[in-house]
Amino acid sequence: MRKCLTSLLLLISSLSVCSICSAEQEHHFVKVADPYIEMHTGAGRGYPIFYVAARGEWVNLIYRKTDWFFVRTEDGKEGWVSAAQLSMTLNPSGERVDIRDPNEKDFVVRDWEYGATVGDFEGLSVITFYGGYHFTENISNEIIISKASGPVSSKTILSLLNIIHEPFPEWTVSPFVTLGTGWLQTEPKSTLATARDRTDQYANIGFGGRMHLTKRFLLRAECKYYTVFTSRDDNEEITECKAGFGFFF
Amino acid sequence: MQSRIRVFLLITAFMLSSTFAIAEEKAGKAAATGENTEVIQQDPVIQPEVTRREVKQADIETENFEIGVFVGLLSIEDFGTNPVYGVSLDYHITEDLFVQGRVGYSEAGTTSFERLGGGLTLLTNRDFLYYNVSLGYNLLPGEAFLSRDSAYNTSLYLIIGAGNTEFNDDNFFTINWGAGYAVTVSDWFAVHMDFRDHMFDINVTGQDKTSHNFEATLDLTFYF
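Residue numbers (our numbering), protein chains in the order written: chain A, 18 to 266; chain B, 40 to 263.
Note that these hints are calculated values from the structure, not bench results. In this text the structure is predicted, and so the values were computed from the model without any measurement. Be careful, since some hints might not be right.
To be verified - In silico negatives: residues of chain A with every beta carbon more than 12 Å from chain B: (1) 170; (2) 199; (3) 226.
Stated by the list, open to error - In silico DSBU-like cross-links for lysine-lysine, where the CA-CA straight-line distance does not exceed 30 Å: (4) A:232 x A:122; (5) A:122 x B:248; (6) A:48 x A:172; (7) A:48 x B:95; (8) B:95 x A:232; (9) B:95 x A:94; (10) A:172 x B:248; (11) A:94 x A:48.
Think of the CB as a built atom: it goes at the ideal place given N, C-alpha and C, for glycine as much as any other residue.
Okay, chain B solo, but in the shape it has when bound (with noise of 0.2 Å):
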């Protein structure tokens, strides 16, 4: 009996004593920290008369990007032409190139043979809907004088992409090519005036056939 409770005291004395052997470490380590922050608030002998601040690249607003908002008129063959409009949103390579991808939605028309056929339709949906990404080039950079005073930065462009086109229900693997000139208005915002053929081959009328589709746009754009 007499040597478990020794055992036992000598267990608890051990447990007591390393519980203060750690209390007093970080008491000494509190303390030390307490010194040095206290080194640390000193004042400093030179004071600096002005905090230089280093050019990063990162830092550099960048405006490669351009969204944008467009309205205009689609000929959608045989089903007459009808207004478009939707969103395009560039990216900037480099000063030539530049990538982008377009969405725009239209309703196509009636042709005469619907109008005079009495109720006849052709089309199960007349949505047009078309997305697409293309790769454009800037061929003619310019500049353009509105007035003595002010001048703007132009662009003649040249375009070509695919995507696709959803029209009567179905789905259509769309080239499209085409040209436009850009006015940069100011350092945020310019102006596109877009031509584009969209081509497709269908058969709604009953033959085969690669169907042109004759599209002019003004494109609102913002540079971020």
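Chain A with its partners taken away, still in its complex shape (with noise of 0.2 Å):
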């Protein structure tokens, strides 16, 4: 495990240097059509101004983090102007310059969506990685994986095929139903020592709900009741219910 973690801590700094050689500054040039622009110290409503470009100066736009963009004036005045300033500003052909966050629309037809979700998992406390691909507005399938743990056993679950139907994806809270199958590993808790993991596949059926929240975050909700085949002479029937948050690309 250490060695894993020390190959991943080397991989992940050689990446970031990576990045970082490649970040190479291009020219974006927009023309300031408002009175003036704020220049501000950070990234933040809060730090001070400590400048203002007047209407018709030049500015280049470096890069950007989250709504702020950091900008140098071409007498090397470099300083952090907000995206609804920016968006007051020209294009070279002097159109409005396109500044824009992902919204609502976007949500509606979104590709990719990653998340985290906490809850309850038949009395065990449950958290769930999935990622998901949208085929189509409507239909989805996501990957899962899931770590439930309690007094008595702990569980994982893996599924690789779970199908989203969501039939109304412009609502504001786009309601959706789930069929899904995977695999429930149960481990029992390693004090208690009598019995085995074990492995078997289990079906799940669900209903739950997805909201836009700001830019590219999204809260959910679910509940899923699961079909447990086990090998012994009855099937385990299991109820999870959780909720969190996502993202979607």
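Put the two chains together into one complex, using the hints given.
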């Protein structure tokens, strides 16, 4: 485990160094069309304004962090300008600069969605990580990995097939129904040391809702009913309810 | 027989004529394209002096992700304070909110019971591995003045999240919460001091209890 983590550390640090090396500064000049734009010392509303670029001045957009753009004026002044103010600047062709955040419409036609949820899995606390791809506005599939743990046992849930149908993706809270299958591994607590690990296949149905919160951020809540096909005489029935957040791209 | 020969000749003639027709048509098309190419290749009357470049949102580099490595100390309840290290990935949603994924590893020490017990051990596996997802809020953004000429942007943030801890060959659902102080050293590099409590229910010492595992780390992070 330690070796794994060390190699992961090395990989990540080398990746980040590479991303820094390859970061080239391109020129994206825009012209101030408002009477002035305010340049702050930091990427936040509270940072002091140390310079104002007047109408007609050209500023170069270097990079963006959340709602703030790091800009450089022609005489070398560097600072942060809010996206709201920059949308009042002009392109070289004289048109308004198109700066727009992902909105509800982008949410409806999203391709990828990733997130995490927490909740209750038949008395156990569960955390779930998921990633999904939308084939159409209504149909998507998700890959899920969950870890549930309680005083008696812990469970790992892996699923590669979770078909989700959203009948009304344009609603503020978009409801969905889901149908899936996967594997459920049960590990009894080591302090109990009586039962052995077992892995069973399961099928589930569920329902839930998603809501676009802001930008690429969404909230999500769902309940699922599992039937676990055990090797014992009876199948196991499990109810799971959880909520969390996700991102779409 | 004659009629068969006639039919054969007619078919051959038809095929030949249609082949020629297709060939001529192709040649004609090629000729027409050639003419067009010539027209396109002629010099334009007015030479543009500058190539104007429109600013598109997608072309501007964004630095909303922050990847980091950290080292520090983790106090594992009942099992001493030990070095911890790991990696983190942040996504900044707005100037206030961010989401963080974090993986950390430590190794539990021995309890006084184990040290005095002469070979007795409470744990089957001393590896302590946690992973979690947390939501952070930049509560107090500000600036720190190191000298007369150098100012660094800083932020005091609160963070809360959930995850899993693998310890003693068991899994524990873990809530983590805490606060941190981030100093942005340059446009791509920041240093964080992060303090957290990892809470989970455990009964390894014979009684059910909520274990509090305090962690203090120094994080080096890179924006990309």
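Consistency of the hints with the structure:
1. 170: violated, 9 Å
2. 199: Fine: 18 Å to the nearest Cβ keeps residue 199 (chain A) off the interface.
3. 226: The assertion about residue 226 (chain A) holds, with a minimum of 20 Å to chain B.
4. A:232 x A:122: Measuring from Cα to Cα gives roughly 11 Å; hence the hint holds.
5. A:122 x B:248: violated, 48 Å
6. A:48 x A:172: violated, 58 Å
7. A:48 x B:95: At roughly 14 Å apart (the allowed maximum being 30 Å), residue 95 (chain B) and residue 48 (chain A) satisfy the hint.
8. B:95 x A:232: Within the cut-off at roughly 18 Å; holds.
9. B:95 x A:94: With a Cα-Cα distance of about 22 Å, the restraint between residue 95 (chain B) and residue 94 (chain A) holds, given a limit of 30 Å.
10. A:172 x B:248: holds, 21 Å
11. A:94 x A:48: Status holds; Cα separation ~15 Å.
Hint compliance for this structure: hints 1, 5 and 6 are not met, and every other hint is.
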